[in-house]
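For reference, the chains in residue letters:
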Amino acid sequence: MRHILSRRTIGGRRRRRRIARLAAAVIISAAIALIIAIAPHGSSTESGAVHLGTLDPGSYPTVPRAVSTPTDADAAVQESIRLGEFVTLLSDVDPRLAYGGGGKAVTPQYPPDSLAYPYPDQTAARAAGLIAGWTTGATHRPNDAIGLQIQLTVLRFGTADQAARAGNLMADNASNLPGQPRANRAPLAVPGYSGARSVLTAFDTVDSWLPQGELLVGVHAEDDIAEPDGPAPLLDLTRRVLDKQLELLPGYPPTPADQIATAPSDIAGMLGRTLPNGSGGATMGVYAAHAALTGDGYPVASALAFRDAGVDLMARDLTTVYRTADQAAARRLQTALSGERAAQYEPIAPPPGLPVATCGHLRDKTAAAAQYYCSVPYGRYLAEVPAEQPRDLQQRADAQYELLTSGG
Amino acid sequence: MRSRTFRRAGLGLLTLVLAAVAGISTADATSTTVPGHAVPGMTPADLDTLEFGPYAANPADYRPALDSVGAVYQVEARRMFGYVADPSDIAPGLNFLSDVEIIASDAIGIRDNDHLLPRNFPAIAAARNFIGGVVVGRNNRSGRARESATIALLRFPDEVAARAAAADINGALGSPGRHPIPIAGPDAQAGSADNAIGQLVSVRGPYVVVGQARVSRPDPVALAARLSTLAQAQFAAMAELTPTPLDDIPDLPQDRDAMMRRALTDPGGVSALDYANTSLQGAYGPRAALHFEDDAALMRRVFAGDGVDLVAQNAGKIYRTRDLDAAFRLQATLTIVGPDDRELANPPGITDAHCVQRGQADPATNAQSVCVVVYGRYVGLVGAGTVPATKTPDALYQRAAAQYSILARSR
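Line by line, the protein sequences give chains A and F. The opening residue of the first sequence carries number 1 in our numbering; numbering runs sequentially from there. The opening residue of the second sequence carries number 1 in our numbering; numbering runs sequentially from there.
Excised from the complex, chain F in its bound form (with noise of 0.2 angstroms):
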């Protein structure tokens, strides 16, 4: 990873002594222009070769289509992503992800794969006219000392409507041999029936806080230490959270400097990164981004280190960085080849591509083969399933050109 960087900075002075050379001696010798806007470290690719495949690969404004309440709520539950602590904060260790997901207004289609939500959570949502959330859980993936905490943010009309379905929750969550674990912090009850997996739940204005924690093993003490930990980090996170006026909700940004603009988008009836649910597309500050990706002690370091102040997702994922040095860092970053991954040829025309097969497939989107590209301060994730060693990747290499095409076309 570093040295590639640093031979990227060489070849970026080599290109600005040429260039600075060719246009003294030749300034009217344009006969051979590539697109784009090349900076030094660059090697643009000339985009008339690419192969796009079904792939629009023009940069195109960012409508979706709000035409149902359903999809109007999701709207104000992107944005709540943003004030969800990150369990990783939690305690050391919870860097990987178990879950994130929107929990539509009708709770139809949960996976909840940590079982935070009571079964009868579609019911409750139905009685207390729930709006949306949103649920982050991460673990250790310890196989022997499994820890975790999962956290679900929920809004409802108003704080009664709030408390009565926390109640509900409650009286759900009730279980033989589950008492009460006494936590620090106001208005939370929390409980559990073995001491090793605990959840609470607590009501801030119209939203339900309702988390979970597991400890390694049976120990009141430490869980409840943890719940309280949760706790206190959640309320801290939706500090600054107010609720959208139902009636404004269509009315927030869907995109933000362009940044969805800047995004793969799918073809109809194409699905090249299969997000698992695609309501998770849209343009996230930092934090909230930081809950797609799976290891988020290693992410949230690269996102301070390379300055990401904005990611974008849809059928490609954009991170915006600090500069093109920084693009090319994060780049190496995310396509790291693992002990059971492999490293997959370019795509065709593309050196600043990096491509790789992964042994396991990504928690958040399902990708089992990556490809990033490097355009400026922009760096483009396309994903593809698993990609047989005979076989050439056409489709992961399509979504590559075309998502590199619309950066390169971008201003």
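Chain A on its own, in the form it takes in the complex (with noise of 0.2 angstroms):
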């Protein structure tokens, strides 16, 4: 799904990304329509100008929800924000890369877009023992219809042969997109790394899989404006990238494929502040906080608002909970979030009975981003509400208060 304020979901051709926006909000409009909740409402009120009395959850929950036993696929993405705190931030390795985002898992039931093209029903046969994965982008612009981008993926498979045959698959099929008329064209070499296998896809982008152990990392470079310069400046840059992913991974404890089911699937109750989409979803479950920033559209920022707020727990499922150190804290983190939006949004007013809330409406209203968004702080918590209309957002603000009030 896409996930909230979500700037983008990069990788692939832009156009079928177009597509795959599209599905997501039908499919959030569904998951919203779908919500059936007991809402009862919080009696006591917290400091400040807000009664819990006068406000208006709608039909949303307003206690923190028990999360019971995950089912497979949500303790899969869980793990894999797991592997995510080891995926290497973008903007740490070009400083050209400032608009992030698009952190998601990679697992069986949620394939990106290279396992699962062209054809869906080869898609098992090259996820064959994929056990978890994230996936974080980048771009240069914020408009990310032009210039430099790169999505970094990694993959964790059950055996080595099996991340080795994923990578082969791929590429062999990055390179042979159907219907292409400039199919397999001479394979690339990332400089430094002989191990991995690079290709020049038809869309002139560069698509280059590293076998380490079961672990598998993808990068996809593309870069249409400098596109006349040819293929050396991405494999450089996909250079750097993999030089970086490979200080990190050595750092990623994997959890044991036979206890991934039975891991703890709420830490400290984090989830359970979340307002539920109630289908679950590739970026759904608690992070620490380098696996959040890979999900940022404003990584840069945000990591020095983080640092500054001590945020060290967020937790993703329809809305987003940031738990920082202090009430003070997450009021700084509120006023650099918002900033953050600025671009983006234009400052509306908050919800009639939320005066602590800040709102913003998406200035570009055919942006791949939710219409309206809120973030409200309670306590040390901060949260991060999207909505489509004017309406729900008000309803999701208010609810999403309740929760945080009744959260302990």
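Rather than coming from a laboratory, the hints here were simulated on the basis of the structure. Don't take every hint at face value.
[To be verified] With the C-beta cut set under 7 angstroms, the calculated list includes, among others, these residues of chain A facing chain F:
hint, residue
1, 145
2, 148
3, 224
4, 225
5, 226
6, 228
7, 229
Ideal Cβ positions, reconstructed from N, Cα and C, are used throughout, including at glycine.
Could you use the hints to bring the two separately framed chains together as a complex?
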């Protein structure tokens, strides 16, 4: 699904991405429609001007849900988020890659574009042995229709053989996109990585796959503006991405495959504090700070804000909840994140009963992001709430606030 | 023109004196206020009474959408206009515009009025990863002794690609009887089939220069000399040109000194001034801006004399001059009423405007009628089609009023 305030989900060709966005929007709408929740109102009031009695959460839940035994799909996503803590933040590789986002799990239930393309019936074969994976993207331009883009994916398989085989399959596939006149171009080489397979696709993008034991690192690089310069600059950037990524990989402590389903699924009760979308998804779970940044639209600014506010955990479902050091830190984070959103969102008045919230309305109505959002602080927590309609925004924001107040 | 300027100056002095007197006697008499920032010599219009039609009458930030590679490359191509020699510098008399255009990276939709580029240039462009370029051409507008010069400046990814493209172009220029023309200057190949029209192709780093000269009668010596001059002028003009790294092009400034903010914009679906090639919109320094003027000799003198240092083109065209006096002088120049032209009445409510119906369309803009307004040091030009003698040119007047209002409301 499209996670909240997502600026982009990079990877593959742009048209396909747009279709995926449309589909994601439809899925979200359907999911919202399906939500049936019991909504007992909180009775206490927090300090400040918020009076719970005046809030109108509609039919959204207002008490934290108990996250019970997760499905295999959700457990795989949580393990992927754990892996995401060791996936390179692309803005750390090249300062041009300042616009980030798209951090999400890659699992058998949520295969990446390049695994699913072009024949869905081959997905299972390509993904044979896939246990978990994390992908993150970054662009040079706020408008992701043009310019440099990188998508980094790390996949974990059951065996090294499976990892190597998947890498070969995807490289074969990328070099031989069916129906494309410029298929089967000469293979490329990533400087310093003789073990990597790298191909120049029919769309002049550079796709590289490097097996590392049971792990497989994939880098998709494209720059339509600089296409006439050829693939060399993209290969060099791929090399630098791999350099950073291989530094981080040894830090990942893989949860044994047979224990993933029973690993803790709601760390510190964070997921219970989010509003649920009801259908799981490739971003649903609890994140440490670095993994959270791999899904952040403005990772450079957010990294500073996270450090300043002492963000240690983030949970994401329909809404996103950050845990900071204390109440003052949560307010500072609210100011910082609202500042980041200002370029994309025009400030609007908060819901009537919730003056502590800061809210915005998408400036470019066609952009691939939520039409509205509010950030809602309570205690050491800060929630970000997306919505497509003002009425829904108000109800979600009110519900999110009540939910935080009852979270203990 | 001259008398008009002096009249303005006199009027300005009178206004100043009256204003001073008024200031002393009735300091609080502010019942009738006129918007704008009046300076001596201007006759500010009452903006509230002007008729703008569908046109935006307030300055607005210029944010062109760079949402395609083609749009990005055009930004770099526009910059290259500042590094093309003016053909009027190559030989006296080559003053009149025959072509000025951007060549898009796919080289589709080229007008090439002077038949400079080979017909298969789109194929060459595709094969050699052409990025973009510009063409500027002028002639002496003589029927009997036609002379002309045309220059294309074309950017390729690197020198290797540029050399390959140059070879392609040279090959495509080959025609029966075409023979080399020896020209002074390194690394340029020239040839002609008839010793009257000759072409040269040269490479400078990632750039290919294609030039064409026509002399009034077949004369290999004169043609060689003309092509040599063309090459030297062009190499001098591009001496400081360095290619913007492709990935950095979107960072190039799109507006200079808020000039584009001051230029009239098209409301959707309405073409206010048909530039024949909307990619020419942008803010230009005087050297580049001169390429868009029909009479290069006249306008070079005027640009220098009136201190024109920036020109912005959108649906309206804005010239920034030295001061108000210079602005009125430039207005007079831009609205000289020629033998085939007809003076039009001023747009309602605007004194500092002058409008003319042209006998011939402007070759750069296609405008058949123009209004030129003055506000402070800024001169605004808008155009439209032919104005029938029996009709009021509503569209032209609305554009003039909106352009005037934008200038008056700019700071």
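The hints, checked one at a time:
1. 145: OK, holds: residue 145 (chain A) within 7 angstroms of chain F, min 5 angstroms.
2. 148: Cβ of residue 148 (chain A) sits 6 angstroms from chain F, so the hint holds.
3. 224: At about 5 angstroms, which falls below the 7 angstroms cut-off, the nearest Cβ of chain F leaves the hint on residue 224 (chain A) intact, so it holds.
4. 225: 5 angstroms, holds
5. 226: 4 angstroms, holds
6. 228: Hint holds; residue 228 (chain A) Cβ to chain F Cβ min 4 angstroms, cut 7 angstroms.
7. 229: Holds - the Cβ of residue 229 (chain A) comes within 7 angstroms of chain F, reaching about 6 angstroms at its closest.
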